[in-house]
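**Student:** Here are the chains, one letter per residue:
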Amino acid sequence: NAGVTQTPKFRVLKTGQSMTLLCAQDMNHEYMYWYRQDPGMGLRLIHYSVGEGTTAKGEVPDGYNVSRLKKQNFLLGLESAAPSQTSVYFCASRPGLGAYEQYFGPGTRLTVT
Amino acid sequence: DQQVKQNSPSLSVQEGRISILNCDYTNSMFDYFLWYKKYPAEGPTFLISISSIKDKNEDGRFTVFLNKSAKHLSLHIVPSQPGDSAVYFCAASSLTGANNLFFGTGTRLTVIP
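Residue numbers (the working numbering), protein chains in the order written: chain A, 2 to 114; chain R, 271 to 383.
These aren't lab readings, by the way, just hints derived from the structure by calculation. Don't take every hint at face value.
[As the list claims (entries may be wrong)] When the alpha-carbon atoms are kept at most 25 Å apart in a straight line, the in silico BS3-like pairs for lysine-lysine are as follows:
hint	chain 1	residue 1	chain 2	residue 2
1	A	K72	A	K58
2	R	K275	A	K58
3	R	K275	R	K341
4	R	K341	A	K10
5	R	K326	R	K338
6	R	K307	R	K275
[To be verified] Stretch by stretch, here's where chain R covers chain A in the computed footprint (C-beta under 8 Å, at least three residues):
hint	region
7	17–25
8	92–104
Just so you know, these numbers come straight off a predicted model, no measurement behind them. Positions of the beta carbon are idealized from the N, C-alpha and C atoms, including for glycine.
Bound-form chain A, shown alone (with noise of 0.2 Å):
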């Protein structure tokens, strides 16, 4: 049982680049998160997911996209990469309705330059 994994770990991109990031849980969670954490700022939602074939705005989702065309996983994508998008991004999950703890990936680090 992995848990919550992300793919890659690391990552540099050059402005203008495109990317995206995986995340994957084996827990058959229903929901599913994508966050960013930039130094003081905590860590903020970018998009989320209440179910396969789903996806919502967070608080900060301008220049990502994403998509849920699998249960267990969750694509964040970057499709023209900004120096502001410098970030650790986490993945989450959580079983759904009733159950508000979210279980986070290891992070990926992205550098955009």
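Could you slot chain R onto chain A? The hints should help.
**Tutor:** Okay, now just chain R, sitting in the frame of chain A:
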């Protein structure tokens, strides 16, 4: 606008003494609160939670206190151990709607042996 605030960026405590981490919130719709612990290069891990119907919840060395009228909660760690050295995030949620978590900016706890 930061709805969950942790006004102390850092805290140092001697081993064996009590650590008290504080958190304030502004949104009166929040009715469920969580504490997460984060080590460097790892994702946050759930520590303890409390519902607004309670004013105290205890789990081993960790106790969370909630003062709804003051919109304030605190995490007490007794006795503090060097392995408790980490960044602690407070998070809040409303039990209605999407139940998304809103995080504070974190407090770095250092327990001195």
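**Student:** It remains to establish, for every hint, whether it holds in the given structure.
**Tutor:** Now for the hints, and whether the structure bears them out:
no.	hint	result
1	K72/A - K58/A	holds, 18 Å
2	K275/R - K58/A	holds, 22 Å
3	K275/R - K341/R	holds, 11 Å
4	K341/R - K10/A	violated, 37 Å
5	K326/R - K338/R	holds, 11 Å
6	K307/R - K275/R	holds, 16 Å
7	17–25	violated (count 0)
8	92–104	holds (count 6)
In the structure shown, a violation is registered for the earlier hints numbered 4 and 7, in ascending order.
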